[in-house]
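Colleague: As a plain string of letters, each chain reads:
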Amino acid sequence: MPKKTYRQAINEALRQEMERDPRVILMGEDVAGGMGSPGEDDAWGGPLGVTKGLMPRFGRERVLDTPISESAFIGAAVGAAATGLRPVAELMFVDFFGVCFDQIFNQAAKFRYMFGGKAVTPVVIRTMYGAGFRAASQHSQCLYPIFTHIPGLKVALPSNAYEAKGLLIQAIRDDDPVIFFEHKAMYDEEAEVPDEPYAIPFGEANVTREGDDVTVIAMGRMVNFANQVADKLAKEKIGVTVVDIRTTSPLDRETILETAAETGRVVVVDESHPRCSMATDIAALVAQERFADLKAPVKMVTAPHAPVPFSPALEDLYIPSPAKIEAAVREVLAFQG
Amino acid sequence: MQLSRDQLLHAYRQMRTIRAFEDRVHEEFSAGNIPGFVHLYAGEEASAVGFCMHLEDRDHIASTHRGHGHCIAKGCDVGAMMAEIFGKKEGLCGGKGGSMHIADLEKGMMGANGIVGGGPPLICGAALTAKTLGTGGVAIAFVGDGGSNQGTTLESYNLAKVWNLPAIFVIEDNGYAESTASSWSVAGSQVGRAAGFGMPGYEVDGHDFFAVHAVAREVIERARNGGGPSLVHVKFARYYGHFEGDAMTYRGKDEVPRLMAERDCIDLFRRRVTEAALLEPSELDAIDREVAELIDRATAEAKAAPMPSEADLLTDVYVSYH
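Taken in order, these protein sequences are the chains called W and A.
Residue numbering for the first sequence follows this note's numbering, beginning at 205 and increasing consecutively.
Residue numbering for the second sequence follows this note's numbering, beginning at 923 and increasing consecutively.
Just so you know, these hints were derived from the structure itself, not from any lab.
Each residue gets a CB set at the ideal place from its N, CA and C atoms; glycine is no exception.
The reader is advised that the hints may include incorrect statements.
[As the list claims (entries may be wrong)] Which stretches of chain W does chain A cover? Using the computed rule of at least three CB atoms under 8 Å from a CB of chain A, they are:
#1 261–270
#2 281–287
#3 352–363
#4 463–470
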């Protein structure tokens, strides 16, 4: 099977869905780039080149560069979705949601409910998240718990290139608003990705490692860190199950609870801040539903309750690392009730 | 262009329906029969009707918290609207939206909106859909004078112009954003703002149905023909408070009675068409009676209709959630 990067997989998903359905359009800042400039067309293809090549293929009518004006164009994507298109809008960095959140959480998320089930708003908002780029406090956040909190939104976090293609195709075909989180540190990471289109259903977690001793529940980039830890500990005959939840909304409660109960020792790894996070959400779920099966308190590995720092020396400390995950696994393993 | 007899009768019926609807909601709210809070459009009817008379189902509008008039003018069912305002299962939105969220996408009504300035970006999207799919449709955002100061509105002017969208921004300036006068809160002028974005801008007397109707025709035709967005500043007044229960202490004591006596859009319409012998007073009286019966029936049915039940609480959060 061909190997492709996370970037290539996303680009391929967009291209194949645009070929399949003429109602699929892209919009965002510099998604082609060079608009109104004397130099080359398609100058950027997005700030990190993810959408490169799509404008020459599909034209300016379907790949729309926008002014830096998130309130207007995210809202326009929502309005276009409610009236018959299937827009994929790019919110360049999720940190910018602050200027356009109303259009997402008060409009897109609520149309169907407020309008008595008569609205369909098939919009996808692709957005970059995550630390590790030395991009400091306003370009490095995760923030997916905020979107997960809102009824009416779906939230996907692909953990590798294979997942990215399948989850994005599902997002585009989905009739509900989807926030699609792309980790900026993963664009060059490769995985085996089929050439043909495929959709990965939402709300179905993926068990990436199986072991008998500890269950690690993770999402996004943290799945890869958890896999590294599981592979390392396997050499010590410590069996670690790793669960990639894939979507934070809907959440695959069954797989989380089953795998938690199987080992009775649970670590939740979440790159976002610790309060009101996926880590607290999943820890509470496990504690409430499987308390009798637990052999140790649920341990959370998260970023601290602090903005993302700039200095590499500090940012490296900030990010939940494989070493921190390994320490947490050993801690729950050693716990004697 | 002279309106036909049928168009004149239609315009009168629509304006009278909105007035009667709002007066009845006022009564029922005052009597404690309507939950939540409502914002009434009485006094502003010429704007909604003057614009929406040019529209078809393929055209979209977005409204504001003061949305009943736009809904009626765009063809929403009056009985289902009343039931919605009473919170009933048979309401236009199943009782889940209420006064501030009445919508009917099949009629091109994208919703009243509880967020001031929420509509203009959505309208850019509807206009983009029309342009992309080649439907020939246009999209209108009705925005209050308060909403005209929101960043979403100003950003939408820019986007609509940059993308050359078939979009129209109607600034309905009733003089007050809640209790704050637009003469104080709006810097510059609405028409000047349009010019700043390279859009044609118009100011029109919103008490004069015929003036609104003429401007509306021009801007809608421009949008339909690929000429891009326009802005219309409609100046008029509301008769009731910002919301029902607003004592309106910020307005002069004689302001509303004087407006009702001298500048009422329905009275002005009536006087003009009867003086010009375009319609007979008896025809208009007959419409008044029919509308009163319609509103009586809608209200009685809304009151008698069942409330939603627990089974409805969690439906329609998603199309599908798995």
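Colleague: Please go over all the hints and tell whether each is borne out by the structure.
Modeller: Checked hints:
For the stretch 261–270 of chain W, the stated coverage by chain A is satisfied: 4 residues place a CB nearer than 8 Å to a CB of that chain, which reaches the threshold of 3. Counting residues of the stretch 281–287 of chain W whose beta-carbon sits less than 8 Å from any beta-carbon of chain A gives 7, enough to reach three: the coverage restraint holds. Only when three residues or more bring their CB closer than 8 Å to a CB of chain A does the claim for the stretch 352–363 of chain W stand; here the count is 3, and the claim holds. Judged by the Cβ-Cβ criterion of 8 Å, the stretch 463–470 of chain W is not covered by chain A as claimed, because only 0 of its residues qualify and three are needed.
Violation of the numbered hints given earlier is confined to hint 4; every other hint is satisfied by the structure.
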